[in-house]
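Line order of the protein sequences matches chains A and B.
Mind the numbering: the first sequence is residues 27 to 723 in my numbering, read in order.
Mind the numbering: the second sequence is residues 27 to 723 in my numbering, read in order.
It is possible that part of the hints are untrue.
Identical copies look the same in the list; a pair holds intra-copy or inter-copy alike.
Stated by the list, open to error - Capping the alpha-carbon separation at 27 Å, the derived lysine-lysine pairs in DSS-like fashion look like this:
1) K680 x K97
2) K85 x K705
3) K407 x K323
4) K486 x K576
5) K68 x K236
6) K680 x K323
By construction, these hints were calculated from the structure, which means they are not laboratory data.
Number of protein chains: 2
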Amino acid sequence: CCSSLIQAQVHPNIMLSQQNLPAVRSGVNSYPLLKSSYLEVKQEADNALKNPISVPVPKDGGGGFTHEQHKRNYQYILACGTAYAITQDARYAAYVKNILLAYAAQYEKWPVHPKRENSNPPGKMFWQILNDCVWQVNAIQGYDMAYNGIPAADRKTIEEHLFIPIVKYITEDSKETFDRIHNHGTWAVAAVGLTGYVLNKPEYVQMALKGSDKSGNTGFMKQIDELFSPDGYYTEGFYYQRYALLPFMIFAKAISRYQPQVQIFKYRNGLLAKAVNIALQGTYSNGAFFPVNDAMKDKTFESSELISAVDIAYADISSDKGFLDVAVRQKKVIVSDAGLKVAKDIAAGLTQPFSYKPMWMSDGKNGDEGGIGILRYGAGKKQQCLVLKAAAQGMGHGHFDRLNILYYDNGGEVFPDYGAARFINIETKGGGGYLPENTSWAKQTVAHNTLVVDETSDFKANVKEASKYHPELVYFSNTAAIQVVSAKENNAYPGVQMVRTSALIKVAELQKPLLVDVVTAASATSHQYDLPFWYLGNIIDASFKIEAVKDNLKALGSNYGYQHLWLNSQNNIPQASGYITVMQGQSFYTTSFAGSSPFSVKLVSIGANDPQMNLLEGKAFMLSQARANNQTFVSVTENHGNVDPIAETTSGAKSSVSGLSVISPDQNKTIFSFKVKEKPYTITINYHDKSNFIQIN
Amino acid sequence: CCSSLIQAQVHPNIMLSQQNLPAVRSGVNSYPLLKSSYLEVKQEADNALKNPISVPVPKDGGGGFTHEQHKRNYQYILACGTAYAITQDARYAAYVKNILLAYAAQYEKWPVHPKRENSNPPGKMFWQILNDCVWQVNAIQGYDMAYNGIPAADRKTIEEHLFIPIVKYITEDSKETFDRIHNHGTWAVAAVGLTGYVLNKPEYVQMALKGSDKSGNTGFMKQIDELFSPDGYYTEGFYYQRYALLPFMIFAKAISRYQPQVQIFKYRNGLLAKAVNIALQGTYSNGAFFPVNDAMKDKTFESSELISAVDIAYADISSDKGFLDVAVRQKKVIVSDAGLKVAKDIAAGLTQPFSYKPMWMSDGKNGDEGGIGILRYGAGKKQQCLVLKAAAQGMGHGHFDRLNILYYDNGGEVFPDYGAARFINIETKGGGGYLPENTSWAKQTVAHNTLVVDETSDFKANVKEASKYHPELVYFSNTAAIQVVSAKENNAYPGVQMVRTSALIKVAELQKPLLVDVVTAASATSHQYDLPFWYLGNIIDASFKIEAVKDNLKALGSNYGYQHLWLNSQNNIPQASGYITVMQGQSFYTTSFAGSSPFSVKLVSIGANDPQMNLLEGKAFMLSQARANNQTFVSVTENHGNVDPIAETTSGAKSSVSGLSVISPDQNKTIFSFKVKEKPYTITINYHDKSNFIQIN
Ligand SMILES: [Zn+2]
Ligand SMILES: [Zn+2]
């Protein structure tokens with residue numbers, strides 16, 4: 027696909043282009059979002075000018091002085107380059123020139139970084155090559171923008187003694203990273219490819235696009251082919267998808283400028299556009315990414331990593347007016363051709379709410395390794411959203427959470443995921459990295475809203491084993507009255523076949539849909555089956571009398587996360603049906619539940635065997651079958667009532683759903699019934715009949 | 027003071043006056059807040075017209091059908107009266123006439139309410155007389171406003187067979203409540219007094235003002251004399267002050283109309299104005315009332331009970347433009363002369379932020395029964411606020427929390443109070459009333475941020491005993507750099523003298539003030555001294571190595587609230603000095619602490635011995651001295667750093683305060699020192715020298 031024919035050399039020509047400069051210069055005065063974004067960049071550039079240039083010999087690891095200084099330097103280079111392009115003020119170009127000359131005077135002498143660790147290939151400026159690549163992606167853009175303000179002799183010095191040696195280090199010394207199909211590899215090829223365009227070295231671009239041997243077995247195009255599913259889902263999950271997108275989009279933007287004939291944004295059926303869209307569809311209506319796998323839960327699509335992606339997606343790919351909504355919430359655009367278009371259209375009042383859609387997004391490069399089902403009903407704070415995770419393992423950051431569900435309503439989580447066990451940047455908490463409890467707790471199956479067999483985890487929490495298998499989609503459909511997704515997993519627990527079917531069903535008697543969830547497990551031998559529902563808020567009612575442990579609280583188990591659970595209470599449910607009502611925020615959630623045979627309900631909370639108090643609070647009610655070959659758990663969750671804490675009024679604390687019971691737990695179809703305000707409903711799920719998968723009578 | 031001379035009879039003449047009607051009629055079209063408030067009232071009135079009148083024979087207790095229907099009826103009467111006054115539409119007056127005739131046809135036949143309980147004197151419409159009085163306060167206002175639209179013959183029937191018998195029931199059958207110096211008494215005298223004005227019966231007004239025997243030993247004036255301190259503090263605390271104010275202000279408004287010569291708003295040095303101001307000063311900058319004694323914690327000054335009070339206070343007493351700020355947040359005014367003025371001035375742009383002030387507010391009718399100290403620094407979300415509760419017991423709703431502190435910052439609680447153990451209106455939780463855990467936990471000393479001696483509570487949690495004594499103010503001062511309040515309590519624990527001194531101190535090295543807190547206890551015999559700090563968020567650092575209990579978690583004690591605490595960890599502090607850093611929301615709080623001798627730190631959490639799971643989550647670190655005669659605990663709390671969860675950046679996680687140590691724990695003066703960013707500070711508190719109480723070197 028990739029011609030080596032490269033367009034005529036002009037500068038700048040990446041995010042900001044020579045031909046568009048007059049429009050951007052005028053735009054920074056006319057369009058509020060571009061103006062405020064530019065003023066921020068200019069302030070950064072002015073800060074740079076105020077301080078003496080400091081290019082220390084690399085010494086410290088992440089967070090240390092030289093690490094932070096080299097990081098600040100690339101931000102300064104980028105800011106001064108941008109400020110120069112806009113203002114043509116020679117001081118900014120001089121800064122870029124001087125700091126890059128300072129690097130050029132030293133870089134070749136620097137050895138491999140002294141704080142190298144075996145786990146990550148080392149850079150020269152930073153302890154890992156990843157950061158060196160990030161440095162270069164930013165610095166080369168700043169250089170490109172300041173290019174015309176730097177004397178040719180100095181450019182020669184900078185290119186020969188800094189950029190060319192950096193490319194050499196990345197493509198030769200760090201060949202393994204450069205040729206890796208992984209997001210670190212993306213940063214590496216972006217660094218080399220962008221440098222190739224700016225320095226007019228087609229050789230670099232060739233390697234970037236097709237790998238160090240130019241065979242096409244690795245490199246950028248191969249990364250696009252393999253790191254995303256055909257739907258645009260990135261296998262590590264949404265939190266990492268956000269991060270991985272950044273180098274993809276910036277390098278793609280440069281390709282589209284220099285080699286428009288590649289039609290990079292159309293490559294693989296418009297994969298990059300899909301990937302941006304999936305990153306946004308991977309959020310709840312409050313903008314928070316679904317915390318699938320290792321993820322910090324407060325992260326939203328407002329985070330800076332997505333700014334370039336959204337700007338470019340809007341300007342160069344789709345002009346979906348919902349992207350403007352996201353840009354408004356990001357409060358920033360890149361000072362660039364794309365940012366100009368976004369800010370201009372926002373100023374023109376074209377913004378529309380970002381449009382969330384129910385969907386199945388496949389995982390796996392061929393789209394055949396399971397995926398993620400998302401059901402949504404309503405908009406904004408009122409949106410109800412159900413996520414069924416039936417994706418592949420997602421590599422080292424993957425959680426053992428096959429068929430996990432996440433449930434959102436009223437602007438936040440109802441059945442949450444714990445996310446990652448980590449306090450970002452808190453030195454005293456494992457240096458801010460993933461804590462031991464990320465492995466012992468957060469990744470374990472019981473930390474999720476999914477079935478746990480025999481108090482262990484999927485694949486006994488073995489990543490290598492888990493990576494061999496993936497769940498499979500059984501059914502997905504989206505109509506006005508019913509949204510349903512169903513998936514199966516047959517390998518997580520040897521000899522146990524699990525199917526989960528979750529649906530949002532709008533019945534005439536109620537304003538909002540019910541969440542209906544059916545979990546079935548079948549085995550030739552007997553097992554313990556636990557199905558936790560993690561909840562927020564407080565239990566205010568139950569069909570059984572809670573008798574919580576008064577003293578000598580004990581851990582529920584000894585491994586696979588169970589060692590971190592306090593067992594607060596346990597009740598038998600001899601009639602195999604009951605309910606729990608939780609008051610959460612301004613309303614109530616009642617989960618009616620029923621089983622194919624009597625079971626018990628355990629109330630648990632997080633905190634046992636946590637000597638450093640690294641874990642956050644959390645509570646679950648867990649449906650627990652002590653011994654059975656086959657088990658079906660059905661639940662119906664209704665949001666109801668209203669709590670007004672200021673007026674001190676409460677209404678509708680009782681659920682309208684009653685009498686849930688499993689009628690037939692047959693493995694081919696599950697039949698169950700319940701009443702809504704005395705109107706009886708019988709639901710049949712026909713696992714093998716896609717034309718009549720879910721039947722409501 | 028009270029002349030029996032009553033002004034000429036016109037209608038309406040309570041919240042809305044005949045002479046002001048044209049202005050209000052025009053105002054409901056001109057001023058947005060009055061307009062929206064009126065439209066709400068009119069919609070309620072139109073609802074009334076739509077439904078058939080229902081005046082059922084009283085039968086049900088609180089929350090039951092007849093209870094709710096009679097409640098709805100008085101709301102309809104008030105709404106239709108208002109709608110008639112504004113529109114002169116005869117249908118509204120006819121509704122008031124018809125429903126009151128329906129009551130008049132039955133009222134005299136009704137016996138005392140069948141659901142009477144021994145704890146509360148019964149009404150005839152409702153299970154307690156309080157609700158009958160509330161009914162009458164509202165109905166008589168509606169009648170007054172519809173008066174001119176009701177034929178004289180019908181008025182005669184309504185007055186003779188409804189209002190006069192109601193007054194008779196209140197003043198004779200319920201004489202005890204009527205003559206009680208208590209907020210139930212206030213509703214009773216307001217009901218009778220308002221009826222007296224509207225029916226032109228000076229006799230009723232006399233009784234309302236001076237008690238059923240007209241001696242002045244009871245009645246409204248006496249209630250003003252005795253229920254508030256000279257500063258305007260209501261002894262049950264702010265949550266109940268809000269509720270108690272309503273009948274005071276409405277009846278006072280009527281007195282000011284009919285008997286202006288009484289100068290009711292100037293009575294007792296303008297007590298009612300002070301009481302409104304104290305109700306508002308009794309909130310943090312987010313509007314939430316300080317949860318002193320039994321209190322629901324989400325209650326703010328936006329609650330409807332304060333609307334009349336704020337409207338009247340602004341229109342008739344003080345015209346403090348900060349009241350407009352409160353009215354804006356209440357989103358409503360009363361459709362009345364006062365509401366007109368408020369809405370008009372808001373529309374004119376006169377609103378100013380409500381002005382919070384550091385203050386000492388005395389408790390006790392003579393102002394000599396302790397009080398509440400409030401320190402405040404900064405405004406809005408950035409306001410730091412320290413509340414020292416050194417008030418009297420506050421009757422049956424009082425908590426055993428002598429010298430308790432509450433600390434607020436960054437828009438919310440930092441060292442919170444548990445508040446009341448209650449789920450309002452949740453039938454399954456003790457019918458929505460105070461739960462048993464309100465007594466076993468929420469009222470107990472250890473549930474507060476104050477000193478606990480020998481694992482018991484103040485006065486062994488005996489209300490009668492506690493009501494005999496009160497703390498005393500030692501010192502209060504408020505300067506730009508230092509705000510300080512100090513109080514002592516010598517009776518809560520026999521033989522133990524306690525003094526607490528809390529200060530907000532602004533040092534040059536930091537942007538925000540430090541909270542400095544000194545607790546001393548002295549006794550001739552040895553005791554255990556525990557000082558809990560209840561906190562929100564997560565501990566991310568400590569000067570000692572936390573080793574939390576891994577399994578078999580045990581309750582800390584067996585009584586006085588200790589039975590509800592899990593003991594999560596315990597560390598000795600042999601050097602008598604240490605710190606704990608908590609990450610809360612977007613920043614950090616480090617509390618450095620030191621003692622006069624080595625002590626231990628216990629980390630505790632709420633939840634033991636709570637079989638019904640009635641308690642909410644809560645965590646504290648507790649400074650604990652196992653055995654000593656005298657004990658001093660000093661702490662310095664700094665807010666620092668910044669957490670941006672979206673950008674995933676964290677800064678300033680380390681406190682600038684270090685090396686806190688107690689130099690002299692002498693009972694006459696406490697001397698301690700610490701460093702702020704290496705600048706040493708020595709603070710001396712001279713308990714007996716008011717001219718030099720706190721010295722900073
Ligand atoms: Zn997870
Ligand atoms: Zn309290």
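**Same-copy or cross-copy closeness of K680 to K97 [CA-CA at most 27 Å]** = Cα proximity of K680 and K97: across copies only (22 Å, versus 56 Å in one copy).
**Asked** Between the shortest in-copy and the shortest cross-copy C-alpha distance, which are at most 27 Å for K85 and K705: within, between, both, or neither?
**Response** neither (72 Å within a copy, 31 Å between copies)
**Asked** Between K486 and K576, at a C-alpha cutoff of 27 Å, which is it: within one copy, between copies, both, or neither?
**Response** between (33 Å within a copy, 23 Å between copies)
**Prompt:** Given a CA cutoff of 27 Å, do K407 and K323 count as a within-copy pair, a between-copy pair, both, or neither?
**Reply:** both (18 Å within a copy, 24 Å between copies)
**Asked** For the identical chains here, do K68 and K236 meet the 27 Å Cα criterion within one copy, between copies, both, or neither?
**Response** Neither. Shortest intra-copy (37 Å) and inter-copy (73 Å) distances fail the 27 Å Cα cut-off.
**Request:** Up to 27 Å between alpha-carbons, please classify K680 paired with K323: within, between, both or neither.
**Result:** Classified as between; 24 Å across copies, 31 Å inside a copy.
This entry does not satisfy hints 2 and 5, going by the numbered hints stated previously.
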